[in-house]
Every structure is written in structure tokens, then in C-alpha cells.
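Novice: Given only the sequences and the hints, what does the whole structure look like? Please build it.
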Amino acid sequence: MLSSIIPQPLARLPWKLIVLVLLIGSFGIAHLYSAAGGSVQPWALRQGLIFFTLLLAAIGISYVPESWVKGLTPVAYVTVLLMLLAVEFVGFVGMGAQRWIDLGFMKLQPSEFMKPVIVLMLARFYELLPTGDIRRWRAIWPAALLIGLPVGLTLIQPDLGTALALAFGGVVVMFLAGLPWWLFAGGLAATAAALPIAISFLHEYQQRRILIFLEPEADPLGAGYNLTQSKIAIGSGGLWGKGYMNGSQSHLQYLPEGHTDFAFSAIVEEWGLVGGVALILAFAGVILWGMRVARRAQTRFAQLAAAGLTMTIFFYVCINLMMVMGLAPVVGIPLPLVSFGGSAVMTVMLMIGLLIAFDRQAKTAERARRAGLRG
Amino acid sequence: MAKPPKKPARFTEAQRDEAFSRRSLLVGGIQTVLGGALIARLGYLSISQNQYYQTMAEDNRVQMIIVPPRRGWLVDRNGKPIAINRSDFRVDMIADQVPEGQVEVTLKKAAALLDLDPDQVERISTELATKSGYQPVQLAENVAYENYAAVTVRLPDLEGVLPQRGFSRYYPAGSAVGHLVGYVGIANREEYVAEDKNPLLVTPGFKIGKEGLEEVLEPQLRGQPGGQRVELTARGKLVRELEPKPDRSGNTVRLAIDVDLQEYAARRLGLESGAVVVIDVPTGDILCLASMPAYDPNSFSDGIGRTEWKLLSENERRPLVNKTVNSLYPPGSCLKPMNTLAFQAAGIDPDERVHCNGGYQLGRRFFRCLKRHGSMNMRDAIMKSCNTYFYAMAHRTGYDVVAEMARKLTLGMKYDLPLVSQSYGTIPDSEWKLRKYDQRWTAADSLNASIGQGYVILNPLQLAVHTARIASGRAILPRLIGVHADSAPPLDIPEEHLAVTRQGMWQVVNAAGTAGTARVPVEGVEVAGKTGTSQVRGLQYGDGKNVPWKYKDHGHFVCYAPFDQPRYAMAVTVEHGGTSGAATPIARDVMTFLFDREKAMEQLVAYEEQWGGSLAEREAAFQRRVLELAQANAAARAASDETA
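The listed protein sequences correspond, in order, to chains A and Y. Be aware that the first sequence starts at 1, since it is given in the working numbering, and climbs by one per residue. Be aware that the second sequence starts at 376, since it is given in the working numbering, and climbs by one per residue.
Quick caveat, the hints were computed from the structure, so don't treat them as lab data. Keep in mind it's a predicted model, so treat the numbers as computed, not measured. A couple of the hints might just be wrong.
Short derived list, chain Y residues pointing at chain A, Cβ under 7 Å [unchecked claim]: (1) 388; (2) 406; (3) 413; (4) 416; (5) 432; (6) 866.
Backbone N, C-alpha and C define an ideal beta-carbon position, used for all residues, glycine too.
Specialist: So this is what it looks like as C-alpha cells:
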């Protein structure tokens, strides 16, 4: 057996997941090298360093016992919430939105951290809630508050994409926790009804993005430009793509943000349908793995948290891909592990580290059970 | 009080776990569906829409810098150039090549070197701001060598400025061919829209035909534009040059015109306002289509100045009108030979005599002749241009038979010629009058029409073609493009009728006729012709001679030569020449040129000394005057701007 040669801690790592993450990450780094015109500067090298460092960190996180995670969750929630408040006052104004705290050595985007933390917080809440109370009001209003505060603060920034992601992560945990169906059906209906009103409250550029998504060719050089160029990049790639480093759309800068939000379009341009499908399948693998961790989890907390985290990753991937392929409005959500940007990688790696931790927990318990059975 | 219904059972852990697994399965299902949808969408975009998006990507990537094709030449029947391209210097600018934020500075520097005025600089500046994708904007064309050199040596400081060799249209014969060839110019908005916004039309250095043959022959002359294909970034920066697409020059078009003859005729018209048309009798080739005074197409092709336009359009001699086809005149007695053919066809014996006692009594009205000619037969009536004879005979036959003959000789007809427009005039008859004025045709109308007055109006080209038909007896039609050898089929006019008419025309020049001055000083060449004088206003305003220029009678002369073997037919019209005597010497000299160039040139040089220089010299003097006036106007405007 292989496990007899390889040291046990190494053998027990979830290699399937790590290979998938490595595949996705390498795809991203290789793409950043191409997007910079065949240079490790300014993106590929930085992203590579961040990626591998954080991958190691994620594996490190996976050794943190679940009890610690549970204990730290409320602390982390309050801290990040305070940081979100802080960006309102000392936030750095960039990209037309207040999103960062400049710490000098790096720009911190607290809303990023909120993504895993909100899921953990809700999982913790439903773990503490007695099972019998799950169909009561007291199962709903604290959760609503826990979600509402950070979502509201992110909306003010304004960062619609992140706000939506936070709300989604929280609501998914509520759903999986077993809250009554009518709550979600009603919520969905209410959202649909409130959408036109909500849109009128959006910033003008956000409104335009939504309208343009419905008909990008109406203004191909104006607001619909990003989307049109993204579709051109994807569509012109064909089955096998134009070849690595040969994407005219990204290399000649017709495709804006080819290294961040529209990385997928640029990748498909060069790698074609084959590359695009491979990337999507790799993400699907990660998500399947995450959902399996959730199903196998031994504790309520791990169960809900693993599912919530996985769903958040799914949400990111799905919205980003829908956006670049013209199925959703341009909301400025990066593609996890592929798009350039330290903050985003950090969040996703944190989630993956937590998922591995839950996995390890489940496996350890399983081993203990088997050992108990044998012994 | 009834017992409240039993509360639902408390939510148990088992239920909770079941709910979780059911719901996580649902979530997984949704994920799978969405994942499938994403892959389907990806496949749709990159496989079924691949062709479309590939084109779009290519459109993004590759831009074509249009290289205007060289315009085809116009050459005369002997291959001598009428319109050619002269290489000149031009300076363009590509905003996308200028370093960021330096456009205005660079433009200012270049403008100083090229002596551009502030208005031009402003125009260029807006054009630079609106043109994207590596498209050049013209700074100046036809640049003097010194300015061109000044730009060239400072090129390192002028990134984005492109000194180039360009081509400008050149017409060696100048205004002598003005109306014939027209001119070229920068396409205007309507022309641009009419061609579906063809980008070639707004390419610097490209010009399209604006008038005359340049306009009509545009499809042949234009050629196919070439292009430098370049790969550009979204910001318009050049990545690399791809394989260029070569341009194809326009076709050379050979005209029937003899440009030497055309130039001679134009010069020979001198200070007069008029037209000379020469037709090659056997084939109908138009050898000369001269109309004077005319604009200089060279000057127009560089862009028409306001001052020049004003001077030309206000000139009472109408230099902007092509008098060979766009000006109509009562032909006067020029049509008398045609009348005699009609009379013979109506059965009148050419030897029948009519006594002229100075006019013809029609009812209570007396139609005057110019003299008391006495007894006149048909030939003599032509020779002497005796109105009485024609009054009498037209009264007998009626004018409808004459009109039929006139049409047989193409009078009143619109020719199939590459001309921008033709005014083709009127040959009246009873039906026409009924239609137009709702009135019956009267005998008086016949009498007036018989001497080429009244309702009859024609253009000089028609007079020349009708003369060629009389001279040849063939159904020739005028042709402007190409040199021909074929001859037209004969007309259904008996040769003996033609002989009588031709005899009369011979007598006009060579016997005691009205055009003795038209005899050419060339051995063995006899001219046959007919004079015509047409009234501009009724005789009550004077005799058409000692009156201001614009009230003077028009002088016409139609002729052909040699009499025994007709080769050339001609019509000369001198507007307000007073009498046909203004036209006959011109016809004589132009005819002389066709047989003996040297002799004709000697004659011309002598005249031009009296007129204040040759046509080219007078044109140059005119251009100097235009320039002086323009400068004076500009100075006046500047002064009023300052006071304002």
C-alpha cells in the first residue's frame, strides 16, 4: 500500500481536493502570465506566491480543532463587523466604492473575510439553538440580524456583488438548518416583487449594468462594452481556443479586466471550449467534495458550515461565469482562485482550509468509531 | 370552550437530519443544473456562435488604413493627357500615434511649419478628436516643398505627423477643358451618405468627381482602394503591420475629343462668350466640345475659394455654364438647310421660285425679310438666307413636316452621352403647342419657326450633329468616349435632296452668300455652312447691334468641310455676338486648324495679342485678381473683427 511508504499526516491530506485546487490555481497563474503579455510581472509572480503561501496556510488551518473554530467564530464575526464599520469612516476610496482599509503594507477588504465568517456564525447559531426551536421565530430573527448587519454595511459601501454573496451564504445556512419552507418561498416572492423598487435605489452605473445585461448590443461601445467584448473573447475561442498567449481580445486590451473579473473569458479565448469546460469541471469537483464533507460531518456546526462555505464558493463561481457569458448582470465578482487579487484568494483558501478541517474531523471520528468497533 | 387543536409535534433531531439531507440534495441538484447550463452556454458561444464572434474579434483586432487609389487618366483620341495626376506633398496626422496628451502641442507645432490658419487648425483639432482607430487626418495637401522639408527635418519632435507623397489632379489644358471634364473635390456629406458612408470618401487625399466627365465617369476612374492592414490594441496603438492590400488605379478613359483642337477652339473664342462643337462626320465622335469662358478645373480641384466662386457666378458671361449642352438658343437661320430638306420631302421643286420683295404677307401681318432678294430658288434662298422663301414654303407645307425632318436630324433630342445634364430644347409642332399652351398651331407659328425663331430653341451640340447628318446623309450620333471607326447607317433622305441642300450651303460660303469670311485658307478645302442670327429681344428694343452686350443678338454658324468629302462638322455660337459675323471667323480658324495647324496658330497668336495675352496668361491674371481680392476681403474681415 502507498500509505505504508508515505508518512501518515501527508497521506491523510485530501489529495483529490488539493489536486483540483492546484489545477485551478495553476490555470489562473498561467493565465496571468499570458495576460501580462508573457511576463511574470506584474501579476503571475505575486499571485503564485500568494496562492502557494495561502494553500499551505489552508492546510495549516485544517489542523485547527473544530472547537477552536467554534470559539473563535463570534469573535471573528464582531471583529469583521467592526472593520466593516471602519471602512465607512477611514475607508480608502477606490474603484468608485469604499472597500478597503489601507494598512500600509496591504489593503484590507473586510467584506471578503465576512464571507466565511457569516457562514460560520450562522452555523454556530443554529448549532446552539435547541432543535425544537427551529420552527419558531427565535430561529429566524437573530439569524436575520446576523445576516442583515454585514449585508447592509456592504451595500452602503457600495458593493452589490459582495452583499449578495453574503446574503446568499447566510440564507443557504438558514435553509439547510431546516427553517420552514414557506419562509424561503415567501422570501423569494418578496424579493421578486421588491426587485424593481430595489433597482431604483441602485447607483446609476449599477442600474445601467443590469439594463445592459438584458441587451448588451444596444450600446456596444458604452456600458455594454465589457460584456460584448467578453462574449467575443469566449465565442472567438472555438473548440480548442486560439492557443496559449495568442488571445487577441485580452492581449490587445479589447477585453477589459482580463486578469480579474473577466479572467474566464480570456482563458476560454486561449484554451477554447475544452479549457473552459475543464475549468468548470474542476470547480464542480471542488464543490462536490465540499458537499460531501457537509453530508459526512459529525457535528451540526460542521455540517452547516461546510455546506454554507461550499455554497459560497459555488455562488462565486456561478455568478462570475454567468456574468462573463452574459447570463447575469456585470456585478464585479471575481472567479475564485483564478482572478488576480490577494484578498479573494485569501478568502477562498480560508474556506478551503476550514473544509479540510471539517473533513479531517469527520475522518478522525470515523477512524475512532471503527477503532472502537474493532477494539 | 373547545380544546385547542393539538400542536404539531416538536421538531426532532431525526427530522432535522432528514431535512438537511433532503435539502442538501436539492441544493446539489440545483448546482448540477446550473453547472450544466453554464457548460451549455459556453458551448453555444464558442461552437455555434464561433463564426460570428471570430469575425467580431478580427474586426476588433485589424484595422485598415485606406490607401486611396490613383485616379484613372482622361486622355484624348490621340492619347494626349487631358486629366492626369501630379505627385505632390501632403502632411497627415494620426492622433493615436501621438504620445498621450501631446496632440494639441504637436498640432500647433506642425501648423506653424505648414502656415495653417487658425480656422484650419480648429477644424483639424476637432477631426483629430473624433477619428479613432489609427485613421489619419489631413493637415495639408499640395504643400510647398519648403514647408514639407521643414516638417520632415523636425519629424523626431512631431510623432504622429506623417509627411507623405500624394497626388493631385492636373488638367494641362486648364479652363479649355473645364466644362468638359468638370473637376474633383473632397466628398461632401451627401456624397458620403449616398455611398453608405464608404470610409474611402473621408480618407485624406481622396477626391471624387464633382462635375462633367469626372463625375459621370467616377466608377471607371476611381479604382480600388488599397490598404495597410494593421493590428491595433483597443487604445489604437500599433502592434504590427500585416500584409498590405495593394490598391488598383482607376482605368484610363480615352475620349473622342482632340484636346489640341479643343484647346485651340477655347482660345479662339477669346473674349467672347460662346461654344464650339466639332463632330467627326463619318463616326459622330465629338472632337471638340468647347465652352467659354470657363472655370479652371485645376483651381477648382484644389478647393474652390469663396472669392473665386463669387467672381465666376456673378460674371454675366456665365463661366459656370457649359454652353455646348446646357445653354439653349434660338438657332435662327441655321436651320434653313434642314427646312429645305423638309420642303423637298413635301414635294417642293427646288427650282421653284419665290419672289422676295422684302417680306411675306400673311393675312394682315407682314413678316419681314432682311432685304429685297428678288426671285429666289431653294439654293439661292439658303445662300442669301432669304426669309421670304422660307415663309412662303413653310406656309405651304405647314411646320409639322419640318418638325419631323428636324427630329430626323436629332434636333430637340437628348443624346445618350456621359454628361451630367443636357438641356435639349424644343422643336415645336402643332401637337406640342396644343399640349403645352392648349392652343392651335397657327400659320404665323410656322413662319416664325421656319427661320429658327419663335418656339425653336436648341443647344450648339444639336446644331453640330444636325450639320453632320446633312453632310453625311447618315444617322450619326455624337459619341464622347473612345475612338470609333464604324459608320452609321444612311438616313432615309434621297441623295438628290441632300445635294440641293448641300449646294445651297456651299454657296453660302463660296458664292455670293452670307459667310464669305468662313472660307479657309487651305488649298483644296471648301467649306459649306449656314449662318444664323437669333434675336435676344424683339426688334422694338433696337436692332440687336447697337445695344448693351446682353441685349445683342446671338451669332451662330454651322458648317462642314471639305465640301466634297465631309470630315468635320461644326457649330459655333457666340452669345450676344451681334451678328453671325462674330461666329464665322471663329469657325473658319477652327476649321483651318483641322487642316493646317501652323497657319491656324499664326492667326490665333495675332488675335491673342489684342486680347491681352493667351488663355493661360489671362487665366493666371484672373487667379492673381482672385488672390488679391481674397486677401483684401480677409484683411477687411480682420479689421472689422478687431473693431467689433
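Novice: Against this structure, judge whether each hint is valid.
Specialist: Now the hints, each set against the structure:
Taking 7 Å as the C-beta cut-off, the interface hint given for residue 388 (chain Y) holds, the closest approach to chain A being about 5 Å. For residue 406 (chain Y), the interface hint holds, since its Cβ comes within 7 Å of a Cβ in chain A; the closest pair sits about 6 Å apart. A least Cβ separation of about 5 Å between residue 413 (chain Y) and chain A falls short of the 7 Å threshold, and the interface hint therefore holds. Interface restraint check for residue 416 (chain Y): the shortest CB-CB distance to chain A comes to about 5 Å, inside 7 Å, so the restraint holds.
Below 7 Å, beta-carbon pairs count as interface contacts, and residue 432 (chain Y) has one with chain A at about 4 Å; its hint therefore holds. About 66 Å separates the beta-carbon of residue 866 (chain Y) from the nearest beta-carbon of chain A, more than 7 Å, and the hint is not met.
In the structure shown, a violation is registered for the earlier hint numbered 6 alone.
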